[in-house]
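Chemist: Protein chains in written order, with my numbering: chain A, 1 to 377; chain W, 1 to 362; chain E, 1 to 151.
It cannot be assumed that every hint is accurate.
Said to hold, decoys possible - Derived list of chain E stretches under chain A, where covered just means 3 residues or more per stretch with a C-beta under 8 Å from a C-beta of chain A:
| no. | stretch |
| --- | --- |
| 1 | 19 to 27 |
| 2 | 37 to 50 |
| 3 | 54 to 60 |
| 4 | 66 to 79 |
Said to hold, decoys possible - Calculated pairs, EDC-like style, for lysine to aspartate or glutamate (alpha carbon to alpha carbon, straight line, at most 16 Å):
| no. | chain 1 | residue 1 | chain 2 | residue 2 |
| --- | --- | --- | --- | --- |
| 5 | E | Lys84 | E | Asp98 |
| 6 | A | Lys188 | A | Glu284 |
| 7 | E | Lys40 | E | Glu89 |
| 8 | A | Lys181 | A | Glu64 |
| 9 | A | Lys184 | A | Glu220 |
| 10 | A | Lys331 | A | Glu64 |
| 11 | E | Lys117 | E | Glu92 |
| 12 | A | Lys219 | E | Asp50 |
| 13 | A | Lys65 | E | Glu150 |
| 14 | E | Lys35 | E | Asp50 |
| 15 | A | Lys65 | E | Asp144 |
| 16 | E | Lys140 | A | Glu64 |
| 17 | A | Lys65 | E | Asp141 |
| 18 | A | Lys61 | E | Asp50 |
| 19 | A | Lys357 | W | Glu90 |
| 20 | A | Lys188 | A | Glu147 |
| 21 | A | Lys61 | E | Asp144 |
| 22 | E | Lys22 | E | Glu4 |
| 23 | A | Lys41 | W | Asp331 |
| 24 | E | Lys40 | E | Asp50 |
| 25 | A | Lys212 | W | Asp82 |
| 26 | A | Lys61 | E | Asp44 |
| 27 | A | Lys243 | A | Asp288 |
| 28 | W | Lys159 | A | Glu284 |
| 29 | E | Lys22 | A | Asp288 |
| 30 | E | Lys140 | A | Glu18 |
| 31 | A | Lys181 | A | Glu220 |
| 32 | A | Lys61 | E | Glu150 |
| 33 | A | Lys304 | A | Asp328 |
| 34 | W | Lys159 | A | Glu18 |
| 35 | E | Lys35 | E | Glu14 |
| 36 | A | Lys182 | A | Glu147 |
| 37 | E | Lys140 | E | Glu14 |
| 38 | A | Lys181 | A | Asp151 |
| 39 | A | Lys188 | A | Asp288 |
Hints in this document: simulated from the structure, not taken from any laboratory.
Where a beta carbon is used, it is the ideal one built from N, C-alpha and C, also for glycine.
Letter by letter, the chains look like this.
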Amino acid sequence: MEGVLPINQVVSEVEQQEYIINMGPQHPSTHGVLRFLLSLKGEVVQYVQPHCGYIHRGIEKMTEKITYPQIIHLTDRLDYLSAHMNNEAVSLCVENALQIEVPERVKYIRTIMAELSRLASHQLWWAAFGMDLGALTTFFYGLRDREYILDIFEQTTGSRLTQSYNCPGGLMNDIHPDFQKKVKEFIKNFRKVLPEYNQLLTGNVIFHERTKGIGLLSKEDAISFGVTGPSGRGSGFSCDLRKSHPYSAYDKVDFKEILYTEGDTFARYQVRMDEMLESMNIIEQLIDNIPEGDYALKMKAIIKLPEGEYYQRVESARGEFGVHIISDGNKNPYRVKFRSPNFSNLSAIDSMARGFKIADLVAISGSLDLVIPDLDK
Amino acid sequence: MPFDIYDLSTFTHWIDTSLRAGMSPFWAVFTEFVLVGVVFLAFYAVVGLFLVYAERRICAFMQCRLGPNRVGPGGIFQTIADLIKLLFKELIYIKNADKILFNIAPFIVIIASFLALAAIPFGKGLQAMDFNIGIFYVVAVSSIGVIGILLAGWSSNSKYSLIGALRSGAQIISYELSVGLSLIVIVILAGTMQLSEIVEMQRDGWFIFTGHLPAVIAFIIFMIASTAEINRGPFDLAEAESELTAGFHTEYSGIKFAFFFLAEYMNMFIVASIAATVFWGGWMPLHIGSWEGFNHAMDFIPPFIWYLGKTAVIIYLIMLFKWTFPRLRIDQLLTLEWKYLLPVNLFNVLLMAFIVLKGWHF
Amino acid sequence: MNNEELKQKISAIESDLVFEDKQYLTITVEPEKFKGLALKLRNDKDLSFDYMFNITGVDYGDLLGVCYFITSTQFSHIIELKVKAKSRENAEIETVCDIWKTAEFQEREIYDLLGIKFINHPDLRRIFLEEDWVGYPLRKDYVDEVNIVER
Chain A
1 MEGVLPINQV VSEVEQQEYI INMGPQHPST HGVLRFLLSL KGEVVQYVQP
51 HCGYIHRGIE KMTEKITYPQ IIHLTDRLDY LSAHMNNEAV SLCVENALQI
101 EVPERVKYIR TIMAELSRLA SHQLWWAAFG MDLGALTTFF YGLRDREYIL
151 DIFEQTTGSR LTQSYNCPGG LMNDIHPDFQ KKVKEFIKNF RKVLPEYNQL
201 LTGNVIFHER TKGIGLLSKE DAISFGVTGP SGRGSGFSCD LRKSHPYSAY
251 DKVDFKEILY TEGDTFARYQ VRMDEMLESM NIIEQLIDNI PEGDYALKMK
301 AIIKLPEGEY YQRVESARGE FGVHIISDGN KNPYRVKFRS PNFSNLSAID
351 SMARGFKIAD LVAISGSLDL VIPDLDK
Chain W
1 MPFDIYDLST FTHWIDTSLR AGMSPFWAVF TEFVLVGVVF LAFYAVVGLF
51 LVYAERRICA FMQCRLGPNR VGPGGIFQTI ADLIKLLFKE LIYIKNADKI
101 LFNIAPFIVI IASFLALAAI PFGKGLQAMD FNIGIFYVVA VSSIGVIGIL
151 LAGWSSNSKY SLIGALRSGA QIISYELSVG LSLIVIVILA GTMQLSEIVE
201 MQRDGWFIFT GHLPAVIAFI IFMIASTAEI NRGPFDLAEA ESELTAGFHT
251 EYSGIKFAFF FLAEYMNMFI VASIAATVFW GGWMPLHIGS WEGFNHAMDF
301 IPPFIWYLGK TAVIIYLIML FKWTFPRLRI DQLLTLEWKY LLPVNLFNVL
351 LMAFIVLKGW HF
Chain E
1 MNNEELKQKI SAIESDLVFE DKQYLTITVE PEKFKGLALK LRNDKDLSFD
51 YMFNITGVDY GDLLGVCYFI TSTQFSHIIE LKVKAKSREN AEIETVCDIW
101 KTAEFQEREI YDLLGIKFIN HPDLRRIFLE EDWVGYPLRK DYVDEVNIVE
151 R
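From just these sequences and the hints, can you work out the full model?
Modeler: See below:
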């Protein structure tokens, strides 16, 4: 028959064809509007092409039209799970540019708040990661405990997610009188609950099978791709800025930098589980010693930075968050660049997922803990 | 025997003879078919609704939640409300889908589970069809469902559905072996495939007790394999929602989705029924050797309650699996079957045959 | 190494560099020499700038430029490399994504928002905006009457 290909040609053409799948933008395991373009051979991933920008809001452009204290309300919306750290970065950057020193009390409260956010973020990550692997019960355990932290946030800052609590020169308002009591209660409770997490997921044989040796990222690659935070530390990349470039009150506390060298999904999981313990240690060291004093410096109504470039790095829950402010001396910045940890972490996903199965890709992207608004800016 | 007070075979025989007295044999059988069909449809719907409700409450219990608690007392009408919602939902027409196969698929799945229900003994004399190859029939019929799943995935014109369907195909065909072999272990012990007789033989002790170690192994393997067979967690790869959104039924909506949903729960019920019948004595009360008084007391609990109780316990076990374990990956799933369950099973069959030959069982 | 030592070491590697002591040691380099310098900074045993933690594309008004923040995980010294493209209309800078892989995505972002073309970049497409987007939003002369409200 005319127009019908001989069978061997058909077979070879089918073999050449790529089986392309769009994972996202609406997909349960991309945790937001991220799209992975996958090429599959059976179940095996040939390559991954991340497509982002579905919630690109142009935050960097927006900052050029607003004043410095207003920027913190936008950084809340970047990585909404580590809003405190993002705000802290902007505040520190402005304070450094103005060469002012905030009171000790502010530093302590900032550190405690940042660690609480980190805990809340890791709890949510643990919840969602279990769900990615099909262990649906983890989700509710994680969210149950996160609720305590959100209540503490709400009491002090008035908001549960986008707190906007740190501002240039200090804090928006003083901590609630019950703050210390509640934080101590939470830590006492969470120390009891954390072993439950391990019982439910960490020791499970299926979980080990699903995560060990999956999504390998060597230390060299982690450094080259700029994979930071718990994901980088799971590969042995010592990138904890709290340790290497201490800011706020991190130089006053004693804590370990969690490092695992395996570089697989399980190592990244372990880093986060151990970091939760370390965060609690940090908070416990600080919570009883918050010095008396002002919660904020008196700042001018309009902050003008001297002309020049300023950069500030902080450790957010997902890695290194950076703020690069270029000022021309006006009340608006000339250019602000946010170095979002997720964007760099995402860039490594192709090299991590190649050759693994589609179910592993879900585990890998879950272990990177991507937050899409941060990545899209 | 004392438990014959609950023997319903005289009742069913009475219906049969009175029908045959009134009309020709053809119409008598036809009327019986219709009667049984109506009873089964009602039973099917009630059990389905109850299982969905039970699953929600159990998973809520596992997850520190309350579960449905608004519609009706304790939320018992929640599933009915959901069913009504599903009935009224639009059936979305999928572009370029294979229309016939797409529409047939849910019915194949649900018919397969319906067929299997026919052979299950709910009580003495309460069995629609007492085949002499009952176990064989149940295993054969329940595997028809995979055709429906394959068709659903294939005809949806969706890549996710296709992957889900292929996974499901590989999975069900593999685990069919383990289900069959673990049942064969009991068939060797019982010496019959007739389900009613298998139950009768457990009068003095359930097979899981009398069959020594091989029966216990067979029971464990049956539980694992049948959980995989009905596509439930941790083996729910065909509909792994974190990977394939909803797997083979991604594109289905409304009542057709409800069919898949219902069939999943009914399959769970059937599997639990078979496990209860074959390993735990079905409707047979718990009898312990020479404890006459105890045995007599047990006999006063109606067989239907025994049967439902055992089934409920097994269903509860299966639900606990789903809400506890992470999902396996497809290659691990097949490895588990072909490298572990199947060899263990084959060895188990040999062991049981040896025990039966030597007469070491009770 | 402190900034002074870094300055000596780097000026020995490459000539015609402009050094500024700011928050970090800032080195302005011509676009032609940039790639070679980057490679040397990465491979030099005493410097080993192996981790690039940020790239910022800047519209300087007359020219477009890129700031690279690089550090060494071994010695943890930080420098900022500044490159200004030759022309605004056809801004071109050589890619460094073969030296620091993180640059691949970051350069795509800069191309997307500022319109700087990175020569030899393996996959230079827009990353956030649609393929048919007109203009480069982060440029100072970008106009969008619908989405940008001037006050």
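Chemist: Could you run down the list of hints and mark each one as holding or not?
Modeler: Here's how the hints hold up against the structure:
With 4 residues carrying a beta carbon less than 8 Å from a beta carbon of chain A, the stretch 19 to 27 of chain E meets the three-residue requirement, and the given coverage holds. For the stretch 37 to 50 of chain E, the proposed coverage by chain A is not satisfied: 1 residues have a C-beta within less than 8 Å of a C-beta in that chain, short of the threshold of three. Only residues whose beta carbon comes within less than 8 Å of a beta carbon in chain A count, and the stretch 54 to 60 of chain E has 5; three or more means the coverage holds. Proximity of the stretch 66 to 79 of chain E to chain A, defined as three or more residues with a beta carbon under 8 Å from a beta carbon of that chain, is established by the 4 residues found.
In summary, the hint linking Lys84 of chain E to Asp98 of chain E is not supported, as the alpha carbons are separated by about 20 Å, beyond the 16 Å threshold. Between Lys188 of chain A and Glu284 of chain A, the direct Cα distance comes to roughly 10 Å. Compliance with the 16 Å bound is thereby established for this hinted pair. A distance of roughly 30 Å separates the Cα atoms of Lys40 of chain E and Glu89 of chain E; the hinted pair therefore is violated under the 16 Å criterion. A C-alpha spacing of about 41 Å is found between Lys181 of chain A and Glu64 of chain A, which places the hinted pair above 16 Å, so the restraint is violated.
Proposed proximity of Lys184 of chain A and Glu220 of chain A is contradicted: the alpha carbons are some 40 Å apart, above 16 Å. Distance restraint check for Lys331 of chain A and Glu64 of chain A: the Cα-Cα separation of roughly 10 Å lies within the 16 Å cut-off, and the hinted pair is therefore satisfied. Taken as a hint, the Lys117 of chain E and Glu92 of chain E pair is honoured in the structure, with Cα atoms around 5 Å apart against an allowance of 16 Å. Note on Lys219 of chain A and Asp50 of chain E: the hinted pairing holds, with a Cα-Cα distance of about 11 Å set against a maximum of 16 Å.
Between the alpha carbons of Lys65 of chain A and Glu150 of chain E the distance comes to roughly 9 Å, so the proposed pair stays at or under 16 Å and holds. Restraint check for Lys35 of chain E and Asp50 of chain E: the C-alpha separation of about 15 Å stays at or below 16 Å, so the hint holds. Distance restraint check for Lys65 of chain A and Asp144 of chain E: the Cα-Cα separation of roughly 14 Å lies within the 16 Å cut-off, and the hinted pair is therefore satisfied. A threshold of 16 Å between alpha carbons decides the hint, and for Lys140 of chain E with Glu64 of chain A the separation of about 10 Å falls inside it, so the pair holds.
Only pairs whose Cα atoms come within 16 Å are accepted, and Lys65 of chain A paired with Asp141 of chain E is accepted, the gap being roughly 14 Å. Annotation: proposed proximity of Lys61 of chain A to Asp50 of chain E is violated, straight-line Cα distance about 30 Å (limit 16 Å). Only pairs whose Cα atoms come within 16 Å are accepted, and Lys357 of chain A paired with Glu90 of chain W is rejected, the gap being roughly 35 Å. Among the hinted pairs, Lys188 of chain A with Glu147 of chain A is consistent with the structure: their alpha-carbon atoms are about 15 Å apart, no more than 16 Å.
With a C-alpha separation of about 12 Å, the suggested pairing of Lys61 of chain A with Asp144 of chain E holds against the 16 Å cut-off. Taking the CA atoms of Lys22 of chain E and Glu4 of chain E, the gap is about 12 Å. The hint holds against a cut of 16 Å. With a C-alpha separation of about 14 Å, the suggested pair Lys41 of chain A and Asp331 of chain W falls inside the 16 Å cut-off, and the hint holds. With a C-alpha separation of about 11 Å, the suggested pair Lys40 of chain E and Asp50 of chain E falls inside the 16 Å cut-off, and the hint holds.
Restraint check: the Cα-Cα separation between Lys212 of chain A and Asp82 of chain W comes to about 40 Å, which exceeds 16 Å; the hinted pair is violated. Between Lys61 of chain A and Asp44 of chain E, the direct Cα distance comes to roughly 37 Å. Violation of the 16 Å bound is thereby established for this hinted pair. Distance restraint check for Lys243 of chain A and Asp288 of chain A: the Cα-Cα separation of roughly 22 Å exceeds the 16 Å cut-off, and the hinted pair is therefore not satisfied. Straight-line distance between C-alpha atoms of Lys159 of chain W and Glu284 of chain A comes to about 51 Å, which puts the hinted pair past the 16 Å bound.
At most 16 Å may separate the alpha-carbon atoms for a hinted pair to count; Lys22 of chain E and Asp288 of chain A exceed this at roughly 38 Å. At most 16 Å may separate the alpha-carbon atoms for a hinted pair to count; Lys140 of chain E and Glu18 of chain A exceed this at roughly 42 Å. Between Lys181 of chain A and Glu220 of chain A the CA atoms are separated by roughly 44 Å; this puts the pair beyond 16 Å, and the hint is violated. About 13 Å separates the Cα atoms of Lys61 of chain A and Glu150 of chain E, which keeps this hinted pair within 16 Å; it holds.
Note on Lys304 of chain A and Asp328 of chain A: the hinted pairing holds, with a Cα-Cα distance of about 9 Å set against a maximum of 16 Å. For the hint linking Lys159 of chain W to Glu18 of chain A, the alpha-carbon distance of about 12 Å falls within 16 Å, and the restraint holds. Proximity of Lys35 of chain E to Glu14 of chain E is assessed by CA-CA distance (about 11 Å); at most 16 Å being required, the pair is judged to hold. Note on Lys182 of chain A and Glu147 of chain A: the hinted pairing holds, with a Cα-Cα distance of about 12 Å set against a maximum of 16 Å.
Proximity of Lys140 of chain E to Glu14 of chain E is assessed by CA-CA distance (about 33 Å); at most 16 Å being required, the pair is judged violated. The hinted pair formed by Lys181 of chain A and Asp151 of chain A meets the criterion: a straight-line CA distance of about 13 Å does not exceed 16 Å. At most 16 Å may separate the alpha-carbon atoms for a hinted pair to count; Lys188 of chain A and Asp288 of chain A meet this at roughly 14 Å.
Of the hints listed earlier, those the structure fails to meet are numbers 2, 5, 7, 8, 9, 18, 19, 25, 26, 27, 28, 29, 30, 31, 37, in rising order.
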